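Can you build the whole structure from these sequences, using the hints too?
There are 2 protein chains.
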Amino acid sequence: MKIGILGGGQLAAMMAQAGAPLGMDFVFLDPAADACAGHHGQLLVDDWASAPERTELAACDRLTCDFENVSAEVLEALAERQTVRPAPSAFAAAQDRLTEKQLFEELEIPLAPFAAVDSRPELLAALERIGYPAVLKTRRFGYDGKGQAVLRGPEDLEPAWAALGGNSLVLEGWVPFEHECALTAVRSASGEVRFYPPSWTLHADGILRVTLAPGRLPEPTVTEAQARLKRLLDHLDYVGCLTLELFAADSGLLANEFAPRVHNSAHWTIEGAETSQFENHLRAVADLPLGSTAARGESIMLNWIGALPSIERLLEVPGLSWHDYRKQARPGRKVGHATIVAADRDQLIERVETVKSRLDRQWAPWLDRALGALG
Amino acid sequence: MKIGILGGGQLAAMMAQAGAPLGMDFVFLDPAADACAGHHGQLLVDDWASAPERTELAACDRLTCDFENVSAEVLEALAERQTVRPAPSAFAAAQDRLTEKQLFEELEIPLAPFAAVDSRPELLAALERIGYPAVLKTRRFGYDGKGQAVLRGPEDLEPAWAALGGNSLVLEGWVPFEHECALTAVRSASGEVRFYPPSWTLHADGILRVTLAPGRLPEPTVTEAQARLKRLLDHLDYVGCLTLELFAADSGLLANEFAPRVHNSAHWTIEGAETSQFENHLRAVADLPLGSTAARGESIMLNWIGALPSIERLLEVPGLSWHDYRKQARPGRKVGHATIVAADRDQLIERVETVKSRLDRQWAPWLDRALGALG
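Those sequence lines, one after another, are chains A and B. According to the UniProt record's numbering, the stretch in the first sequence is residues 1 to 375, in order. According to the UniProt record's numbering, the stretch in the second sequence is residues 1 to 375, in order.
The reader is advised that the hints may include incorrect statements.
Listed below are the simulated PhoX-like cross-link pairs for lysine-lysine, each with C-alpha atoms no more than 25 Å apart in a straight line [what the hints assert, rightly or not]:
{"no.": "1", "chain 1": "B", "residue 1": "K334", "chain 2": "B", "residue 2": "K146"}
{"no.": "2", "chain 1": "A", "residue 1": "K334", "chain 2": "A", "residue 2": "K146"}
{"no.": "3", "chain 1": "A", "residue 1": "K146", "chain 2": "A", "residue 2": "K327"}
{"no.": "4", "chain 1": "B", "residue 1": "K2", "chain 2": "A", "residue 2": "K327"}
{"no.": "5", "chain 1": "A", "residue 1": "K334", "chain 2": "B", "residue 2": "K2"}
{"no.": "6", "chain 1": "B", "residue 1": "K146", "chain 2": "B", "residue 2": "K327"}
{"no.": "7", "chain 1": "A", "residue 1": "K356", "chain 2": "A", "residue 2": "K334"}
{"no.": "8", "chain 1": "B", "residue 1": "K327", "chain 2": "A", "residue 2": "K2"}
{"no.": "9", "chain 1": "B", "residue 1": "K334", "chain 2": "B", "residue 2": "K356"}
{"no.": "10", "chain 1": "A", "residue 1": "K2", "chain 2": "B", "residue 2": "K334"}
Hints were generated in silico from the structure; no laboratory data involved. Owing to the predicted nature of the structure, the values given are computational and were not obtained by experimental measurement.
Laid out in structure tokens, this is it:
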């Protein structure tokens with residue numbers, strides 16, 4: 001079985017690491033010559049638009065993506081001749097924040113109030129309706145907090161418009177949330193859906209820093225969130241893993257956005273679940289039976305942003321698994337992560353305390369938040 | 001960190017899979033152009049004897065082996081200019097069954113009676129002393145039951161001598177054992193030793209078929225076996241993982257042989273231990289801190305010999321992880337394995353029953369033996 005992946009970043013690399021023991025070979029397409037998945041298969045260095053002409057991709061049994069902004073047109077051209085999973089329509093829906101929010105509304109998935117903004121008068125009208133604070137975001141190509149401006153009050157309006165005006169935008173009401181969380185599911189071509197336990201997530205500067213899994217949410221809340229996510233998956237006739245990011249607000253869970261691919265918030269599943277998201281995505285894509293999504297113990301995942309911390313000091317922590325993406329260090333770049341798995345909550349707390357004593361102090365407030373959630 | 005591995009089989013491949021997330025690159029030397037580790041790094045196709053001349057190996061930060069019969073002379077030549085772990089002396093000791101047994105004796109590690117046999121009169125004298133049943137084995141290059149003949153009584157003497165006479169041999173007393181087991185340890189360059197839980201192993205036709213881990217042995221027996229293995233590791237100033245195979249006899253554990261490398265009986269550690277044998281071997285070789293060797297739940301490993309069974313039926317079993325070595329099917333060849341991990345013994349029994357119903361019936365007696373050991 002040969003799998004072609006559009007995108008050659010760490011998500012593609014981790015898919016290849018999960019797929020090799022299943023007997024799969026991988027081909028990656030990425031515009032960057034140093035794309036890190038190149039360590040795990042054949043790397044084609046080319047523009048996304050070249051995909052339909054590349055014979056190496058045409059020779060693959062299945063195509064999938066590690067990147068959600070591959071143009072839906074390119075994916076549709078590929079889907080005309082071979083199996084692309086998930087289908088291009090899922091990308092089209094996720095690539096535009098307005099379409100995405102309208103889809104949530106249509107499927108009765110609760111979310112914060114929002115409005116399309118294409119002009120300054122529309123922004124003023126939207127603020128009138130939604131009120132401050134609010135977040136102005138580009139409809140397309142935003143990720144990890146890029147293309148966003150928070151409007152705390154009227155004084156933030158001009159700088160935000162100067163930065164983002166001219167793009168197609170969406171204004172979102174600011175949700176006062178207790179914490180963020182993520183729900184990852186895998187769906188097979190026959191429509192079977194399995195859910196990973198929801199996770200507790202912590203972002204800083206728009207980038208995920210910490211995931212705890214399983215997160216602690218009341219059972220009825222989880223059941224309801226799963227039903228909503230299932231409506232989305234079924235609507236898209238989705239095949240593979242998908243993550244829905246949510247705000248845990250007073251009024252319940254509110255959808256933020258979804259990613260039609262494997263997702264950073266579910267990296268903990270490599271060591272912390274019976275089957276990882278990467279393996280389950282590939283199983284779905286390749287028409288193999290889905291694997292168990294049950295958690296194995298209690299996990300915390302820490303994202304290494306910009307540069308790796310000292311491996312020597314951290315590998316001494318029991319239950320810690322290291323993931324070096326082999327990317328060049330650069331501010332704001334995801335260059336690796338670590339997951340610590342423990343048998344139970346008390347052991348996890350002890351291990352997190354050890355990690356905290358060995359990490360740079362920028363980590364202290366984030367790990368204190370996590371320890372508070374583990375409580 | 002670049003690691004060179006002499007040998008490019010599945011053990012090398014699984015080392016590379018464990019090392020990639022640690023940021024390691026791999027170069028393999030193997031005489032076979034289709035050596036399966038080639039999927040995971042640069043494969044040099046050449047004789048073992050070429051190793052000292054290959055600049056790609058000279059450029060490695062560390063060298064190790066996935067194969068115990070690389071000549072100690074070649075390893076010594078390499079060790080003169082770079083770090084080879086474990087040291088060549090460990091290979092020299094393991095490559096000759098007579099040296100190996102004499103070393104066990106010297107270190108007061110109990111084993112079955114044995115005698116060197118280089119001629120027919122020596123064989124008769126050895127049989128006089130040891131008695132029937134006994135096993136005649138070549139001193140060198142035996143593995144997976146090859147180069148062996150069982151002598152149940154005088155009628156087996158002539159055929160065994162016809163098959164093996166002319167080689168340097170060793171006669172071993174036949175040990176009536178309840179079961180076989182294996183003890184794997186990892187030792188760092190600073191002398192720290194960590195033990196994996198001992199496993200219960202089942203062989204058929206000289207080839208490992210099933211491992212259960214943790215195996216059930218009385219605590220004093222385990223402590224004593226660990227002390228013996230530590231004497232061996234310290235004597236060899238060993239760096240990396242080593243497995244000691246043992247017979248559980250009425251008189252206690254008797255040493256069979258040791259392997260100066262990662263070992264088939266510890267494949268369960270990939271999913272079933274906090275740190276796999278492959279990662280811990282590399283951590284030791286690369287002077288990184290050793291990882292926890294604690295078990296995660298209860299595991300069973302099944303070896304796929306000759307050909308892979310149907311992946312579709314087996315991936316439905318919860319907690320089952322598949323390992324396709326991507327080797328051509330051939331009778332007697334190890335082409336893959338699967339490990340099933342469960343939270344506890346009852347869940348493992350249930351999962352083994354499910355697997356049994358989905359495998360060819362040659363598996364029934366082996367799995368019944370395993371269920372008996374679990375029971």
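Hint-by-hint comparison with the structure:
Only pairs whose Cα atoms come within 25 Å are accepted, and K334 of chain B paired with K146 of chain B is accepted, the gap being roughly 14 Å. Our distance criterion of 25 Å between C-alpha atoms is met by K334 of chain A and K146 of chain A, whose separation comes to about 14 Å. Between K146 of chain A and K327 of chain A, the direct Cα distance comes to roughly 20 Å. Compliance with the 25 Å bound is thereby established for this hinted pair. Simply put, K2 of chain B and K327 of chain A have alpha-carbon atoms about 16 Å apart, close enough for the 25 Å limit, and the pair holds.
The hinted pair formed by K334 of chain A and K2 of chain B meets the criterion: a straight-line CA distance of about 23 Å does not exceed 25 Å. As the CA atoms of K146 of chain B and K327 of chain B are separated by approximately 20 Å, the hinted pair is consistent with the 25 Å bound. For the hint pairing K356 of chain A with K334 of chain A, the CA-to-CA distance comes to about 20 Å; that is within 25 Å, so the pair holds. Under the criterion of a C-alpha separation no larger than 25 Å, the hint pairing K327 of chain B with K2 of chain A is consistent with the structure, at around 16 Å.
Restraint check for K334 of chain B and K356 of chain B: satisfied, since their Cα atoms lie roughly 20 Å apart, inside the 25 Å limit. Using a Cα cut-off of 25 Å, the hinted pair K2 of chain A and K334 of chain B holds, with the two alpha carbons roughly 23 Å apart.
Hint check: no violations occur; every hint is consistent with the structure.
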